[in-house]
Structures are given as structure tokens and as C-alpha cells.
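Peer 1: Using the sequences plus the hints, can you model the full thing?
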Amino acid sequence: MTHDPGTGQVEPGSTRDADGMAELFERRLTRRSAVRGLVAAGAAGSLMGAAPAFARSTARKRKTATTITMWGNHPEWKPVLDRLIAAFEKTHPDINVELSYKPGPQYTAALNTALAGGAAPDVIGWIEGDAIRVGAKAKQIDALDGKIPVAKLIPAARAQVAFNGHVYGSPLAAYTVGIFYQRPIFKKYGLKPPTNWAQLMAVTKKLAAEGVTPWSMPAKDMIIPYFFYIMAASSILGQDGYRGLRRGTRKVTEPQVLKAAQLMIDLQEYYNKGFQAVSYAEGKALFAQGRAAMLIGGSADYTGYKQVNPKVDVGVFGFPSPSGNRHVTVTGMELLYTVNAKSSHKPEATTLVAWLSSKGAQQVVANELARPIAVGAVPSASNRVGREMVLAGAPDIPVWYSQPETGGTFGAITSAGGIFTGDLDAAGFAQKVQASIKPNPKA
Amino acid sequence: MKAIRRPRPQVWFLLPAAALYGAFFILPTLASYWLALYDWSGLGPIGSFIGLGNFKRVFQDAEFRSAALHNVWIFLALALMTNTLTLFLAILLDRKSWLRGPYRAIIFLPYVLSPVVTGFIFEILLSPNIGVVNPGLEAVGLGSLQHEWLADPSTALWAIVIALAWQWNALATVIFMAGLQNVPPEMKEAAVTDGATTWKVFRHVTLPYLAPAFTVVNVLLAIFAFRAFDLVYVIGGAIGAPNGATLVMGTVIYGNAFGKGSYVDTTRMSYAMAEGIVLFLVLGIIAAILLVYLARRERRVY
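From first to last, the protein sequence lines are chains X and Z. Position one of the first sequence corresponds to residue 1 (the numbering used here), numbered consecutively onward. Position one of the second sequence corresponds to residue 1 (the numbering used here), numbered consecutively onward.
To be clear, the hints were calculated from the coordinates, so they are not data collected in a lab. Check before you lean on any hint, since a few could be wrong.
[Unchecked claim] Covered, in the sense of this in silico footprint (three residues per stretch, anywhere, with C-beta under 8 Å from a C-beta of chain X), are these stretches of chain Z:
1. 36 to 43
2. 239 to 249
[Claimed, not checked] In silico DSBU-like cross-links for lysine-lysine, where the CA-CA straight-line distance does not exceed 30 Å:
3. 137(X) with 56(Z)
4. 273(X) with 206(X)
5. 188(Z) with 438(X)
[Stated by the list, open to error] One side only, chain X facing chain Z, incomplete, derived with CB under 7 Å:
6. 108
7. 116
8. 138
9. 276
None of these values were measured; they are calculated from a predicted model. Cβ coordinates follow ideal geometry from the N, Cα and C atoms, glycine included.
Peer 2: As C-alpha cells, this is what we get:
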């Protein structure tokens, strides 16, 4: 037994145990020590008395506040969304929101797995396009008729969440895809955003000649090549041409439209090194660090660039058309939030989904995140990139995968990496894309 | 009168495990056989009955065939390495040396690592942007050998094979070393006394005693190579970048079941189940052939 002088405790095995015990019993109880003891006992008693009251109050709060779960697909949005959720919880003290993130490329797989396993969150966010319709048909989500202020949503947002005579939810934000560029690099070499394809090629060559990697083109998951192609093709087709594509009166295999795929091939030597093995996230980081001058990106990506490099200084322009008579951007919706039909907290989940489209929430989106989906919310003057994105977005064409007729193009293009390996030429690539389009004369 | 036979006590002890195994493995497996006969995306109500339609499509699917071929290449490359280099390494490590302990630990370390971590290690090593392999080659004067290993379809699969080999080598070495422990030293000594050379001792004494180890190693290797998924998925992604050059059956099945890791995915759960069943059958046949062949060889040896 050993004696710990610090604690006064006696440990087994010490030979000094008898001495220690004797010393302990020999201590005299003085008046001062008695008073100290009484005060300490009183304090301890008060604390013990207060503890149950404290516990009761915490338990009451816990009992009254319902926790609902929700997923996001942009981990880089966390700081802003934390503020957004905090604002919601402040006005709705009886609801706690547990927001977790499944990164973009893994999001659909994670959601599908959760839905199959009955573990989806209370508030389900769908990628725009067919998924929400499939979910509604499978009765995985509830109709929220009369609970969402759809009239206050921009038409593109409304089209995604209101269908088959019902309203199912609200997107958090919209995004516009354009070409981000490093302003310091462009300034250093006296370059201006190109307005036609000849200028686009000239800018690219100039940057390469100066030893700058002109393009970050992460193609491991083929997400950025997808957006590059649909923007290049949209810049040729224009809004009417895209409508023609959906109706079947135009085709991407037309010689004029083939140029879009050819442009992607022609620029290949100017993409970042080993681009076919670089993921979307890594490609964004390369650009944000200034290791490439241009990158196809959405308004939602800007927050991510800032996270990688807080000093990032970028501008944005729409995709130039071949002849320079227009710039084109494609616009889509971020996650479309709905209420899980299996949720045991449907009223709270509905409150949150409805609140996401409120003016207050949408102003935060406009100022700090992406394009708002509520009519009237515009980026603040300090949000230069957000404003540039809105300006670049005219004419605006829907992201192809958001429309039923061209929804299959995503799968077709992401599995057509042969365009970069030489296994597919522009015509072969376009044929693959055209085969995935299901025209509808009534579109 | 016939006595009532009571179940033996061990049956009661086995029952909980058997019930769990049945509920969480046997039943879902049987359910997947049934679901493979339907057209079901994995979401919502089960679609229409299509009989063997999914299985027919599996055999016509060029992507699945190409992925299966990649599995075959992985198996052949690892088999070649295992039965030569790994065996040699095991023999070296079997020798008495004070370095044997640390070497064994180092060799076994990759097997302890998660395949996902191994995948990330190799992805980072070979990354065109932050990788150390190319700068390393440059630093030692072999700059001409620099290559975009993971971006070139002709090298990407082999980069994955190396990563898999690094991990697989660990277990194979340990099994061979266990086999080497079974070789009676007196047999070797007798052969040496009879004037046998080192090679002859190895060929006619050591190798026959290693027959059971060869059986275990090669059957496990077949399972390892044909079930490869996590490490391959980390390096090549769901679409087997570049251009499907690194797709294996596991990644194709996962992509069809849960999506290909993109924004917009359409899932084909029933089809993925059919692919999974085909993989199971292929693996079963290969394992059975290997077992029969190697067991026969074992019997010849003993």
C-alpha cells in the first residue's frame, strides 16, 4: 500500500499504512476546519438541490424541442447553412435541425441506400430531375399542397417541385453554371473574358504560352466535362434550339452542333495534367489555388473556392457562342427539399421546408450562397460574383439533366470518357448523347 | 415405445447464431434471387416480372464483360506474383535472422490497413498534381519514366493491380510462412546429406509440403481478385476512370445498385442483383475448379 500525499489516499501494498491511518485519526477538529466543513456541506447541498431542477429544465427543453434530420450535398456550405439553420431555430425554438452532409458525387447513392434501408432523413433533398417524381410516385414523400408559397418561387424552381397537380417542397437555391476565371491571372497577361470561340481559343493559347495551365478539367467523374459540353452545345443551339432538341426537331449530331464536342477535344491539350484522373473536388481545389486559370463552375461552387483559398479572386462569364452573338449559362436547382412520408415529425419537417423559401432565408442564400429561388431576392452589392453570375445568366437554359427529355444525357456523357482517350470522336460522342435523348413533341 | 429424442445441448447454443445468420444473410440472399427476376430500380414499388431477362442482359452487357475481364487480369497478375515473388519473400523471411520480426511486421502491415486507406495512399502517390512518384523519378534521374499513371487507360489498371498486390502480398506471405513451418527439418537435412542441391531440396522437399498452403492462397486469391471493390472504387471511381479502364465487376454492380457517384443517377437494383448472382456463380465455379485441382495435387504429394 502506498500513500498519495496529494490526495491523502492510501493504496494497498504500502508498509506505511498503519502510520498513515494513525495520522488520520490523530488530526484534531479545529473550529476553523469545522466552519469550512459546514460551508462546503451547505454548498454541496445547494448544488444537489439545484441539480434536479436544472436537469428538469433541460429535460423539459429537450422534450419540447423536436429534432428533425436533413442532409446537404455541399459540405463547403456548412458555415453558411449553420447560420441559416440557427436563424430558423431562433424563430422556431421548438424545432432542432440536425443537418449532415453527403458530398455531391456520393449524395444520390447515399440517399438511395438510406431510402432502401428506411433510414432517410425527415427532410429529404432530391437532386433535380426525375428523382423527385419517382419519389412522389413511390409515395416516399408527402404532398405539401397549400403549405409551400409556390407563387413566390421563380418559375424554374416551381417547375421542379410542383407537378401532377401537387406541390411537394421547395429548393434551397438555384445555381447558374458559367466559366470562372482567375482575375489576377487574366489581369497579369492583359486578358479579357472571351466573347466568342476564337477568342476563347486565343485566351487559352496565350495562357499556355505564358506557362499557365489554362483549364482545370477534372474528368475522373466526368461531371465538369458534362457541364462543359452542355454549355458549348447550348451556346450553339440557344434557347429555341434547346427546345427543338427536347421536341425532336434538332439533334446534337447535326454538323453545326458537333462543334461542341470537337471544341472539348481541341482544348484537351490545355487541360490540367492528368485531368482524366482528377476528381471534381480536386479540380476545384486546383483552380481555387490559382493553379489553373479557368474552370466550369456553378454559382454554388464559389463558397467552396473561398474555403480552399480565402483570398481567391475570381470572376465569371457565360459560355461564349461560336460567333459571339451571345453568352450562355445553364441554370438548375440545388437540392429539392421535401418531407419524408415515413417521418415521425412531419409537421416540423414541413415547417422547415416552407421556411427555406421564405424571404429571410432566401436573402441569406442570395448574399452568401448561390442564386435565390424566391422572387425578389437579389444578391447584395458586396456579393460581386453572385451579381456577375446573375448577369451572365442571360439567356438562361435549364441544366439538361433537369428536363425529362434530356435527363439521360448525364449518364451518356459521364460514360463517354472515350472522347478524351481517342476511343470516341466528336461524331461518336454526339451519337451517344443523341441516343440518350427522348424527344417529346409537346415539350 | 420409442423414446423422444431431445435436441443435443449444442444445438440450443447454435440456435441464436443460426437465427441471426438466417435473418441477416440467408433470407436477404434468397430475396435477392427472387428480386433479380423483376424490373426494379430499388426505389418504390417492385416493378414487373421479367423472368431471366436481367440475366440475359448481364451476358450481353459490354461494360460488365469488360469489367469481368479486368477481374481476370487482376487475378492472373496477382497469381503470377503470389506464386513466385511472394513465395520467395516467405522463404527469405523464414530464415533465422534478427531482422525477421521487424520484416514480418512490415510485410503484414498493408493487410491491416483498410482497402480504402490503401486506395487513397496509392491515389495520392500517383496523383498528377500532388503525387510523389513522378517527382521521385525525376529526382533520381529517371525523369523520362514519368507518366500520368492513373490517367492513361493502358497503365491505370496496372497501377491498381500494384496497389492490390501490395495489400494481398501481406496475407499470402503469412500463409506461405505458416506452410514453411510444416516442412520437417529432418527431411531437408536428409536430402542435404544425400547430396541434394538447394534447388533440389526446395523442389522435391519444401514445395510438396507447401501444397496445402498453395491451395489456401490461390483459392483466397481468386476470391480477393474477383470480389475487388473498395480499393478499386477509391482509385478509379464509379465510372472506372479513365473511360472504364478500371471498372471491375464490383464497381459495376455497386453503380447499378446505388448510382455511379454522380449528381443524377438512375439505379437498377434488380439488374445489379442479377449481376451479383452471376459474380457469385463465376466465383463459385473458379473456386471449385481451383479446389479440385489443388486438392488433387495435394493428394499426389502426400
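Peer 1: All hints, please: hold or fail.
Peer 2: Going down the list of hints, with the structure as the test:
no. : hint               : verdict
1   : 36 to 43           : holds (count 3)
2   : 239 to 249         : holds (count 6)
3   : 137(X) with 56(Z)  : holds, 29 Å
4   : 273(X) with 206(X) : holds, 17 Å
5   : 188(Z) with 438(X) : violated, 73 Å
6   : 108                : holds, 4 Å
7   : 116                : holds, 6 Å
8   : 138                : holds, 3 Å
9   : 276                : holds, 4 Å
The structure shown violates just one earlier hint, number 5.
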